[in-house]
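Student: What follows is the residue order along each chain.
4 protein chains.
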Amino acid sequence: MWFVWFVVKIFKMKTKKIAIIGASGYSGEELVRLLLNHPHAELVAVTSRQNAGQTLAQVFPKFASHPRSKILRFTEPKSELLAKQADAVFLALPHGVAAEYAVPLLDAGCLVIDLSADFRLKSAEVYKDFYAHDHRAPDLLKKAVYGLPEIYRAEIKKALLVASPGCYPTSILLPVIPLLKAGLIKPTGIIADSLSGVSGAGRKAELDYLFVECNESVRPYAVPKHRHLSEIEEQLSLAAKEPVTIQFTPHLIPVNRGILTTLYLTPAEKSVDAEKISACYQKAYDPEPFVRLLDGKNLPDTKNVNGTNVIEIAWRIDPRTGRLIVMSAEDNLVKGASGQAVQSMNLLCGFPETAGLI
Amino acid sequence: MWFVWFVVKIFKMKTKKIAIIGASGYSGEELVRLLLNHPHAELVAVTSRQNAGQTLAQVFPKFASHPRSKILRFTEPKSELLAKQADAVFLALPHGVAAEYAVPLLDAGCLVIDLSADFRLKSAEVYKDFYAHDHRAPDLLKKAVYGLPEIYRAEIKKALLVASPGCYPTSILLPVIPLLKAGLIKPTGIIADSLSGVSGAGRKAELDYLFVECNESVRPYAVPKHRHLSEIEEQLSLAAKEPVTIQFTPHLIPVNRGILTTLYLTPAEKSVDAEKISACYQKAYDPEPFVRLLDGKNLPDTKNVNGTNVIEIAWRIDPRTGRLIVMSAEDNLVKGASGQAVQSMNLLCGFPETAGLI
Amino acid sequence: MWFVWFVVKIFKMKTKKIAIIGASGYSGEELVRLLLNHPHAELVAVTSRQNAGQTLAQVFPKFASHPRSKILRFTEPKSELLAKQADAVFLALPHGVAAEYAVPLLDAGCLVIDLSADFRLKSAEVYKDFYAHDHRAPDLLKKAVYGLPEIYRAEIKKALLVASPGCYPTSILLPVIPLLKAGLIKPTGIIADSLSGVSGAGRKAELDYLFVECNESVRPYAVPKHRHLSEIEEQLSLAAKEPVTIQFTPHLIPVNRGILTTLYLTPAEKSVDAEKISACYQKAYDPEPFVRLLDGKNLPDTKNVNGTNVIEIAWRIDPRTGRLIVMSAEDNLVKGASGQAVQSMNLLCGFPETAGLI
Amino acid sequence: MWFVWFVVKIFKMKTKKIAIIGASGYSGEELVRLLLNHPHAELVAVTSRQNAGQTLAQVFPKFASHPRSKILRFTEPKSELLAKQADAVFLALPHGVAAEYAVPLLDAGCLVIDLSADFRLKSAEVYKDFYAHDHRAPDLLKKAVYGLPEIYRAEIKKALLVASPGCYPTSILLPVIPLLKAGLIKPTGIIADSLSGVSGAGRKAELDYLFVECNESVRPYAVPKHRHLSEIEEQLSLAAKEPVTIQFTPHLIPVNRGILTTLYLTPAEKSVDAEKISACYQKAYDPEPFVRLLDGKNLPDTKNVNGTNVIEIAWRIDPRTGRLIVMSAEDNLVKGASGQAVQSMNLLCGFPETAGLI
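Protein chains in written order, with this note's numbering: chain A, 1 to 358; chain B, 1 to 358; chain C, 1 to 358; chain D, 1 to 358.
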C-alpha cells in the first residue's frame, strides 16, 4: 500500500514542466544548469531574443553533453505560447521588463518565479524612487511573496508569484533578520559592506566589465544609494517592526562568483551576550539545509560556497567596541539568484525543498 | 655662480649609499626596484639569509636588465659591515627582528628606515599587547618618527629613525586624520573596512596563500583584533587629542597588489557640510604630490594607483543616514610600504621628496 | 518479478565501501567531493597524516553541509585497517609512496585505484629513468591496467589494480590514440603544447605556487623532459605499434583548474582527408559520455569543462602547412585525475560508468 | 666648450612635439604613459572620437597626478591640425583606418609611427588576403620601415614612416630571425605556440572579453590562420632568403598583459651544436638593451617583463627529439606595441634609444 502511495507521489512530483524567459544571462544560464539536472523538473522552453533558433548546446557549449541540450532550442519570449507549455515559468529579465510577462502568465494559470526586482517591494512609490520608472503591474505587488524560503517558507508554498530576492539582499537579510526579530540588535546604525564577483553585473558588453578593467582592480560603486537598498530596508523593517535605514556599500572584486558581506551591528544591550546570539542563530538556522553556521575559528570564504546554494554565516563580538560583526558568504548566482529561485520553485511545486540543489 | 652652486648641490645629492636588510620579501623587492632607479641613491648592499651569495639578477630575474643587478650580491645581514657601507639602511624584516638591527646601525651613525611594526608605537606595553612579545629596544620608541610624510614631514626631515607605517594604517590614517584634526567628524564609532591584495601577506610558503586557495576566494581574517589597530588608534588619538577606538576588518581578495578601504564616519554636526569637508581635504592634500582627491563621479580603484606612490581618496555624504563615507585606494607595496619608505628617505637625506617616485 | 530483480540490483550496487588514502591534496579533495555524492559508493575512510583526527567538515569547510562530513574523521593511513573497512581504495599519494600501500591492500583483497604515477608504466627501468628512484613493487606493473576507460574499458572491468592516468597524458592520449590506431597520422614529429592550471602542482606550500607568483604570470617549465612523457610515449607506442617519441612542453597559467593542449600532428597522407578524420573521431568517441567532439566554429575552452568529467576535442587541418592541429580541454582534477579514477571505479565495481559523474 | 655642446645637444633633444591619434585604446593608453614620462618628448595632442573634449585625467584617472593630464584634452582626429602641432605622430588605430591618416601627415612633413597592421607588409595583395579589404595607400608600403629596432635599426633611423610590429610577431621574430640568418635552423616546419593576455584583444565592449568569460578560461582562437601570420612569414622569409611558411596558434589566457611564445624549431644539422646557438644569440642580442637572454635554469615568465620594454629569451635542445625549443616572454603592450613604437620614435628623432623606456 505504502509503496503504491510512494510511486504515485514520485510520479506526481515528476510532472512539472518549466520554462525560463531570458535564459541567456548569467542567472538564466545558472537556472538552465540547475533545471537540466533537477529530478522533478522538465525544462520545456528557454527564451532569448538574440539566440532564438539556436539549441542550448550551441549557446552554452558547457551543457552540450546533456541529452536535452541538442533538442531544446531558444525561442522568442511569447507569453501565450509559454503559458501552454509550462506549469511554472522563471523570469530572468531586467527589472521593468519582467512585470510585462508576469501578468499574462499568471492569468493563464502559470506559477511565476521572478528573479528581477519587479515584485520585491510592497510599494509602487518606493519602486519608482529606486528604479526611476513607474511600476507596470502595481496590483501584483500585494500578491507577490518575497522568495526567501528561510523566512517566508509557508507563504511561498501557497504563492502564485514569487519575487526572488537580489544577491546582495540575501547576503544581508539572512544574517540580520533573526537578530532583529529576537531583539538582540538595535535596528539603527546597521552597516553592510559587500564585495561581489563580476557576474553580478550581468552578461553585458560594457567596457567596465572587461577582463582587463576588472582584473587587478577593486572598487566601490553606487555609493551611497544602491537599488537593492529598497528591498533590504523593507524586509528589515518588517523584521524589526519599525522603519529601518541602513548603510550599504557594494564593491566589485575580480572573481567570477561570490558575495562576501561584512555587517556592523549594535547589540541591543550593552553587555552583549554571546550565548544569546549563538542560540538565536541555532534556532533560526540549525535545521536549514542551506544555511551553514560556522564555528570555531572559521570565517566565511566564497570559495567554500561557490557552485552551491549554501550561505555561510559567522559572527564575532568585539569586546573593544562592543559591536557585533557578522559575516556571510554566498554564490551570487546560486543562493543569491538562481539556486534560491529553484528552492522557491521546489516549495511552490511540492517538491522536496533541496531537490536538484544538493 | 649659480651654476657652480647647482652642480655642487646635485653632486651632494648624488652621494647617499643605501642598504636594504631583508631584501627578498615583497616589500624588499619593491625597495630594490625603487632604489635601482632612484636618481640620488646608490644601492650598495642587499641582505637575505636564504639568498646570500647570489646576485640581484639571479634572485629577481625581472631586474636582470639593470647594470647593477649582476654585480650586487646578497649578503648575510651583518650590522657592523652594513654600517660601514651605507649612509642609510632600510629594514624590511619581520616585526621583532628589526629592533635588533636598528640599535647597532643607529649607534654607527646610519639613518634607519624600518618597514616593520617595531618602532611605530610610542608604548612598549601596547606593543606587547598586540605583538605578544616584549619590545627589544624600548628606548628607541621615543626617538622614532612615524613615517607618514603628509602628517609628519617636518619631524621626518630631522629624524634618525623612521618607522614607516603599515599598509592598512596608511589607507586609513591619510583619509581620517585631516577630518579629525578639523573636528569635522566624531572620534567615536569609526569603522574601517579594508580589502587587501595577497602580497600583503608577504612572500611566505604557506598553504593559505597558494594561488588555488586565493583565486576565486574572498575572506575576512583577523576579526576583530588585527595588529595594525594599535598604530591606527595611536595616530588617530593623537589627531583627535583623545583616545580613539575603531572597528577594523581586513579582507583578503585575489589581486597581487592594492588596498581599498571604505570608512564609515559620523560627522560632528548633524547637518553635514559638504563644503567644509571638501575644503578640509583641499587644504590638507591639494599640494601633496602623492594624495589624489577624486572629484565628480570618480571613486577609488586600485588599478589606478598600482605601481605608484599615490593614494586616491573620495568621499560621499549619505543624506539618508547622515554618515560620511570615505574611500581610499593605494598600492600596498608602494604607498603602503616601500614607496612611502623611500619618500621618507628622500626627506631624511635632503632629496626632493618625489625623487625616484614619479 | 522484474521489480524484485531491480531492487536487488540497486541494493547490490549500493554496497561498495570506499576509502581514500591521501585525501587532503587537491585530487584527494576532488575524490571526496565525487564520492560523497556518488549514488553507489559509501565513503568509509579518508586518511591524511597532518589532518588525522579532524572531521571532513573541519578540513574542508565546503563539504560541511553534507551529513557525513561531521562524522567521518581523517585517520592515519594504515593499510591493514583500511583493507578491513573498504572494498575499494583510492591512492592519492605522491609517486613512490603509492606503491607501498598498493601491495598490502591488494593482498587483502581490496580493489586499488592509484592516482599516482607508480603503476602507469610497464617497465621499472623507464620508471627509474623518469622518476629517479627504483620502483618499489615492480611485480605489480604487469597486473596494473592503465585507467583510460575510453581505451581500456574491457581491461579495467576485470582489473584489480588500476593506474589512473596523469592529467597531461589524458589531454594528449584521448585526442591522439584514435588517429594513430587508424593510421591517419604519422607516429613521428608529434608535438604537444599544454597549459595547466595551478592545482596541477598540488597543494604544496612552495613559493612558486603562491598567488602573487602565479597571478599575472605565464611560464613554461620542465622543458624538455617532463615526467609524464614516459606514460604518454608508452601509450602512444602501443597505439602506433612502434616506438613513439614526442615533444611535450607544459606551461603554468593562472587558473585554478583546466588543461588546454594543442597538438601538432602530421597526416599520414599528403592530401589530408577531413572526412576520414571526422569519421575516425566519430567512431571512437560518438558513444562516449565523457568525450565531446566540437563541431562548427567551436574550439575547446577550459571553462566549458571545469567541474565536469568531460574532455572537449576539436581539430583543424591547416591547408597552408598540411598539418593537423588538434586541441583538447579538460578539468585537470576531474577527467585529468579524480573523475577519471571514479569512472574506473564504476567499471571495476559494476556500477553504471557515469554514476556520480553527471 | 664640451659643455656648451652638451647643453645644445640636450636642448635640441628636448624639442620634439608628439601626438597620438587613437589614444583611448590599450596601446594608446600605454603610449600616453610612456610619453608623459619621456625626457625628450612633449605630448601635445591626443585624439579620440568618443572622448573628445575630456582631459587626459578624466579619461585615465591613473594619470591624474601628472601635471599635463589636466591640461591636455582629447580632440577629434584631424590630420591637418595635428600636422601643425606635432613633429611626430603615433597612429594607434584599427587596421584599415591608419592608412587614411598616414598620407596627409606624411605630406605635411610629420614623422609617422603606425601601430596598426597597415604598413607592415610589402605587398598590397598579401594585405588584402589577410585583412579582407583593399589597401588604402599601397604606394606607402615601399616607404615604410618595419619597426623592429633590433633588426632594422639603421633603416628606422632614416625612415619617415615606421610600421611598428604586432605583439605576436615581435615575440616570434626576435627569437627566430638570428637563427635563420645564421643558418642554424631549417626554414621549414617552424611552429609558434603563443599565449596572450586579454589586453591583446583591445578595449572593445564584446562579450568574449568580459571578465567572467576570460577568468578561469583558456582557449585557442583564430586557428589556423591568424592575421599576424602575414607579417611573421614575410619577415622570416627575408631572414631566410626563401619563402617561409609557419604554423602559429594563439591562445587567450586570463592575464591582463604578457605574451609567452614557445617555438619548435629544427636545427639545420643533425648534431645540434649548443655552443653555436649560444654564440649566435650572444652576438645578436648581448648588446641589446631590451633583449634578455636567460641563462642557467631560468625560463621566461611574463611577470618578469610586464611593464617593461624587455623580451626574455631562453632555449633548450631536446636530445630525445633533436629539436630546438625557444621560448620568449614580453609585455604585449610594451615591447609588443607601444614600448617598441617609442623605441622607434627614439631612433627616428635622434634620442638615445632607451630614453623613456628604462
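Just so you know, the hints here were simulated from the structure itself, not pulled from any lab data. Be a bit skeptical, because a hint or two may be false.
Said to hold, decoys possible - Ranges of calculated distance between the beta carbons of each label pair, as one might list FRET restraints:
1) B:G202 <-> A:E76: 52 to 60 Å
2) C:K84 <-> B:A52: 27 to 35 Å
3) C:K142 <-> D:P319: 26 to 34 Å
4) C:E206 <-> B:A52: 18 to 26 Å
5) C:T354 <-> D:K283: 53 to 61 Å
6) B:R73 <-> C:H133: 34 to 42 Å
7) B:N37 <-> D:K157: 24 to 32 Å
8) C:K158 <-> A:E76: 30 to 38 Å
9) A:K143 <-> B:D129: 38 to 46 Å
10) C:K17 <-> A:E76: 47 to 55 Å
11) C:T245 <-> A:N37: 20 to 28 Å
12) B:K186 <-> D:G53: 16 to 24 Å
Cβ atoms here follow ideal geometry from the backbone N, Cα and C, with glycine treated the same way.
Student: Could one say that the CB atoms of C:T245 and A:N37 fall in the range 20 to 28 Å?
Tutor: Hint violated: Cβ distance 43 Å, outside 20 to 28 Å.
Student: Quick check: does the Cβ-Cβ distance between C:T354 and D:K283 fall within 53 to 61 Å?
Tutor: Holds - the Cβ-Cβ distance for C:T354 and D:K283, about 59 Å, lies within 53 to 61 Å.
Student: Has the hinted range 24 to 32 Å been met by the Cβ atoms of B:N37 and D:K157?
Tutor: This hint holds: roughly 27 Å between Cβ atoms.
Student: Tell me if the beta carbons of B:G202 and A:E76 are separated by a distance inside 52 to 60 Å.
Tutor: 56 Å, holds
Student: Please test the hint of 27 to 35 Å on the beta carbon pair from C:K84 and B:A52.
Tutor: 53 Å, violated
Student: Can you let me know if the beta-carbon spacing of B:K186 and D:G53 is within 16 to 24 Å?
Tutor: 42 Å, violated
Student: Falls inside 38 to 46 Å, the C-beta gap from A:K143 to B:D129?
Tutor: 58 Å, violated
Student: Go ahead and decide if the range 26 to 34 Å is satisfied by the Cβ distance of C:K142 to D:P319.
Tutor: 30 Å, holds
Student: Could one say that the CB atoms of C:K17 and A:E76 fall in the range 47 to 55 Å?
Tutor: 52 Å, holds
Student: Determine whether the Cβ-Cβ distance between C:E206 and B:A52 falls within the hinted range of 18 to 26 Å.
Tutor: 20 Å, holds
Student: If I claimed the Cβ atoms of B:R73 and C:H133 lie 34 to 42 Å apart, would that claim hold in this structure?
Tutor: Given range 34 to 42 Å: holds, Cβ gap about 35 Å.
Student: Do the Cβ positions of C:K158 and A:E76 conform to the proposed distance bound of 30 to 38 Å?
Tutor: 53 Å, violated
The structure fails hints 2, 8, 9, 11, 12 (numbered hints given earlier, in ascending order).
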